[in-house]
Structures are given as structure tokens and as C-alpha cells.
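These are the residues of each chain, in order.
There are 2 protein chains.
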Amino acid sequence: MAEKTQVGVVGLGSMGAAMAARLLDQGWPVAVWNRSPAAEEPLLAKGAVRAATPAEAAAGGIVLSMVSDDAALKSVTTGDAGILSGLGEGGVHLSMSTVSPALAADLAAAHQAAGVAYVAAPVFGQPPAAAAGQLWVAMSGPAAAKDTTRPVLETLGQAVHDFGDVPEAANVVKLGGNFMIAAAVEAMAETFTLLEKHGVSARQAHELYSTSIFAAPIYRNYGGFIVDRKFEPPRFRMKLGLKDIGLALAAGEKVGAPLPFAAVLRERFIGSIAHGRGDLDWTAIALDAAEAAGLKED
Amino acid sequence: MAEKTQVGVVGLGSMGAAMAARLLDQGWPVAVWNRSPAAEEPLLAKGAVRAATPAEAAAGGIVLSMVSDDAALKSVTTGDAGILSGLGEGGVHLSMSTVSPALAADLAAAHQAAGVAYVAAPVFGQPPAAAAGQLWVAMSGPAAAKDTTRPVLETLGQAVHDFGDVPEAANVVKLGGNFMIAAAVEAMAETFTLLEKHGVSARQAHELYSTSIFAAPIYRNYGGFIVDRKFEPPRFRMKLGLKDIGLALAAGEKVGAPLPFAAVLRERFIGSIAHGRGDLDWTAIALDAAEAAGLKED
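Protein chains in written order, with my numbering: chain A, 1444 to 1741; chain B, 1444 to 1741.
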């Protein structure tokens, strides 16, 4: 791909907007669409063109979607004026949202039937990483479509991992990763509570753990949010955490894979949301672990 | 401490032996004692002197103990010819085993009553790290005794974290860390099973996870053992994993800290040992997670 094709970006939440900005910065022509058009403005100012519908955003042949859940993806893809009706023959839909493997499989079949391609390409990393082209991308789908869109993904990510042609493979990888993150947060939440109740500084223990056996961004950063009780603004909202754990459990049930840790996490998230924490960062489950041990919070 | 005092080393399992070897390599005079004397031989060949009893190993004023559990520590400390009877006034017992906080508190009191000091100094890292002086050390106990023994700990470790003077504080930090490691292993075991049942390569997903958000030794190495099904020789024996989770749960019960993940892990370890895996590496709980999903192992 010598020349840079127009890329449509559908869904301009914090992640979608950061991706669109990155593509513009790197010289890609970008068409944007968002359910509420206000989010389009900063990108139009950077040179994006406005698409009136997801179908119109898809007209250039490559369209990237980044929306909040299964229902939103279904709506922008198969609805009236959805992506499927706008993609011309040979077009590719880069589906980057965190959605159920079951929906990915369904949509992949619908795209194939329409003579276009569906590539699942969920990412790890947060919006600032997207803006800097430093995401980690998992992708799966038809080989030719992956070849076509690889330059787009390599603009957004520092690494692109290809999980083959089973349409939903990358979605399972993404759900597994988010589940592992939530599990790390819960393990820290329980441990820090145990320490505090023994009169030991969780902050100091976190310093030891996160500079030794757990010297990884997840432990260093998320553990820091817990000891600092820094749950706002949310980096990743509690409600989305519950959604993703629910998707992991459903994906497990579908293939017969019991996930006992995920089951514990589901109850933890439900309780935390019941305590009014649904719009805090998901590391705020640490408050529930502390309260369960009789520690007073807030 | 301009001159290097003799250090007694009591308990020459793989970790204790590596510590004694490191001290010898760095020019410390070392006296060794082990329940079965065969383990003393390689160290005597390196210049250690043989102590006939733990008490005799303690006669130089600093004695380090590294034994398998509470019962063994009690036996080498308070038994006939135990450490407590051999430490002269001002002597320090560096207690480096992974034991219960409750026992640490009891022994600290017994040492204080005898005019000597008990410093809890459990470590993170494996025997090769001890041999290279690259452990991470958590310590707690009386300030003067910590000052006296810091040069010994700095010979063994790349970092020494001081958790104050509550005698058992460092033990709680150690149990919390081991619990977090076990939780990371369980989260990987569940995730890899979910992936395999979806026809996705766990090996390839592990490559993504452990080079991105989970780029830490625990995930990289332990996850590698899981995908390679490399559970022998054990780096850390399954039975010791159950012991440590039991200690964490007991430490939680004592102060009123519920640990739901630790409760799940306890059942997992019990089941894995029931399946004949007690002497495998503790990452072999991944076999139980896979079998629970109907995957055939062995």
C-alpha cells in the first residue's frame, strides 16, 4: 500500500478519538463518525472529514470501529446506514472494540456473505498510548484483509500479534487479558487489606512488589492507584470491568471452561457498583475488599 | 561492622545452601548446620565450619535460619541445643523462612525475654538469585538488630526493605507476595484454558501478554512453564504452595481480612495434590484448570 487510503473511524470515545488523532498525525486521510457529533469537532479541526453515517465513513474501503459494547457494535455495523451497507467490495472492517467472541463470529459471517471482510483487532493500552502509536494489537480474520489493514494497525500499535483466521480469536485474547488485569487488581486489593489489618504499610509493600517480582506496568500503576485511593477520573470504568468479566464468563460457558477467579470478580464488581462505584476506576474494588475487612473508607 | 563476623546458617535446603555459599563467596566466615549432615559437605569444602547443633551455629552472634515450616523453625529455635540457647547477649537471629506471622510474634517475644533479638527477613527470589546476591529482602524487628545484620542481608539481596519494628510485619509481606504470585498463576491457568478451548494458541497469547501489560518475571517465566507443561523439576513445590496459602488465610482470619481469591486457590491446590501433583511445581495447577474444562492432560 504505497498510498495512504482513507480510513473511517466510527466511535469517538476517548480511545476512538485518540486513534483518529494518531492516524491524522501520521498522514492518513480520516473520515469520522460519532453518535453524538460534538466529539467530531476536535478531529475536524485536525483535518478529518465528517461522515454523515457509519456507511459513509466506510466508503473509503477501510473502516475502524471502536464502540462501547455488543449492542453499539451491532448498531453501527448492521443498522440502517451501517458499516456493512457502506463498505464496497473488498472493503475491510477493523473491529477494535472489546466485544463478545460470539458477536465477532456472527459479524464475520455477515461480512463474508456481503463480499467484505471483518478483522477483529482489539487492543491493550490506554488512550495516551493510542495517541502515541504505542498500543498492543491482537488481530484475527482473513489473511488478505489483515495484509491490507496492517499498515493502519502498525500506525496505532507498537506490536501487532496475528492470531490466525478464526474470526473471534483476537477477542478471546482481549477478554483473557482484561480478566488477568482484573485478577491482578483483586489480588493486590486483598493483599493490601491483609497488610493494613496487620498494621503493615501497603504502600511500602507495593513498592517492594512492584520493583521486584511484579515489576510490570499493571502492578506498578494500578497498585499505585489503590494505595493512593486515586479512583477518579476513571482510567477504565468499573461498569466496563463488569461488562468484560461477564463477556469472559460467557465465553467460558460457551466452550465449557470454568473460570473460578472470574466468578469471584463478577460478584466483587456487582457489589462495588451496588456501593455506588460504577463510574469510578475499576481499581476501586479495593475499597470493597477493605470494607469487607471492616476498614472504614470514604 | 568493619570486620566480618561469623554467620551461622541453619537449614541447608536449596535456598539455605545457596545463601551459605553466597556468604562464603563474599568472604564471610560461615558455620553450617543441617538436620541431615550430608547437605553440609559441599559447604565445608568451600570453607564453612560444621556446627554440631543450631546452638553452636549461633555462637558467633549472628545466625540465619532457613527451614521449611513453622514446626521446623520452632524445633531449631527453641528445642534442646536450639538457636535461643546458643545466642550470646546481643546476638541476632535472622529468621528468613516463610512462616506464620503468629509464630514470628511468639518467637520475637521469646528472644527478647532471653536478651537477644529476632529479625524476620523473608525473601523473594529463588536459589540462583541467592547464590548471586540478587534476592529481594523484607525485614522487620528491633532497629539495632537490623543495623547489625544489614550487611549480611545486603550480601544476599539486591534490595532490603525495612518494614519497621512490628516483629511479624515482614512475614505478612512475604505471605502477601506469595499469594499474589499464586493468584497470577491461577489467572493465567484459567485464561490459557479459555483460549485453548476456543482454538486459540495460549503460547502465542502468552507471548503478547508477557511482552506488554504483563512484562514481569512472574508472568514471563511462570506462564512459560504453563504453556510448555514444564512442571519438573519443581522450582517451588505444590505442597509448599498449599502451605503458604494456608498461612495467608490464617493470617487473614486472625485480623479479620477475608481473602476470596486465596480461598479459591486453597481448593485448587488441594485438588491438584489429590491428583498426585504435590511434588510438581506449583504452576501445575494449570493442569487442573485444563482438566476442569475437559481437556486431557498427562
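It is worth saying that the hints were derived from the structure and are not from the lab.
It is possible that part of the hints are untrue.
In silico lysine-lysine, BS3-like type, Cα no more than 27 Å apart, as pairs [unchecked claim]:
hint, chain 1, residue 1, chain 2, residue 2
1, A, Lys1682, B, Lys1686
2, A, Lys1682, A, Lys1697
3, B, Lys1697, B, Lys1517
4, B, Lys1697, A, Lys1686
5, B, Lys1640, A, Lys1640
6, A, Lys1697, B, Lys1640
7, B, Lys1686, A, Lys1640
To spell it out: a stretch of chain A is covered by chain B in this simulated footprint if at least three of its residues, at any positions, have a beta carbon under 8 Å from a beta carbon of chain B; those stretches are [claimed, not checked]:
hint, stretch
8, 1448 to 1462
9, 1483 to 1492
10, 1598 to 1606
11, 1649 to 1658
12, 1702 to 1716
None of these values were measured; they are calculated from a predicted model.
All C-beta atoms, glycine included, are put in the ideal place defined by N, C-alpha and C.
Is lysine 1697 of chain B close enough to lysine 1517 of chain B, meaning Cα to Cα at most 27 Å? Within the cut-off at roughly 20 Å; holds.
Hey, lysine 1682 of chain A versus lysine 1697 of chain A, does the alpha-carbon distance stay inside 27 Å? holds (23 Å)
Check the hint pairing lysine 1697 of chain B with lysine 1686 of chain A against an upper bound of 27 Å on the C-alpha distance. Judged against 27 Å, a Cα distance of about 35 Å means the pair is violated.
Is the Cα-Cα distance between lysine 1640 of chain B and lysine 1640 of chain A 27 Å or less? violated (40 Å)
Is the straight-line distance between the alpha-carbon of lysine 1682 of chain A and that of lysine 1686 of chain B 27 Å or less? violated (36 Å)
Count the residues of the stretch 1598 to 1606 of chain A whose CB lies closer than 8 Å to any CB of chain B, then report whether that count reaches three. That given contact holds, which follows from 3 residues of the stretch 1598 to 1606 of chain A lying within Cβ reach (below 8 Å) of chain B.
Okay, the stretch 1483 to 1492 of chain A and chain B, do three or more residues pass the C-beta test at under 8 Å? violated (count 0)
Examine the stretch 1649 to 1658 of chain A for residues whose CB is less than 8 Å from any CB of chain B, and state whether their number is three or more. Answer holds; 8 residues pass the 8 Å Cβ test.
Three residues minimum, CB to CB under 8 Å: does the stretch 1448 to 1462 of chain A make the cut for coverage by chain B? Let me know. Coverage by chain B is violated for the stretch 1448 to 1462 of chain A (0 residues, Cβ < 8 Å).
How about the stretch 1702 to 1716 of chain A: do at least three of its residues have a C-beta closer than 8 Å to a C-beta of chain B? Since three or more residues must qualify, the claim that chain B covers the stretch 1702 to 1716 of chain A holds, with 6 doing so at under 8 Å.
Checking one constraint from the list: CA of lysine 1697 of chain A to CA of lysine 1640 of chain B, max 27 Å. Satisfied? holds (10 Å)
Compare the distance between the alpha carbons of lysine 1686 of chain B and lysine 1640 of chain A with 27 Å, and conclude whether the hinted pair is satisfied. Holds, at roughly 21 Å.
Hints 1, 4, 5, 8 and 9 from the earlier list are contradicted by this structure; the remaining hints agree with it.
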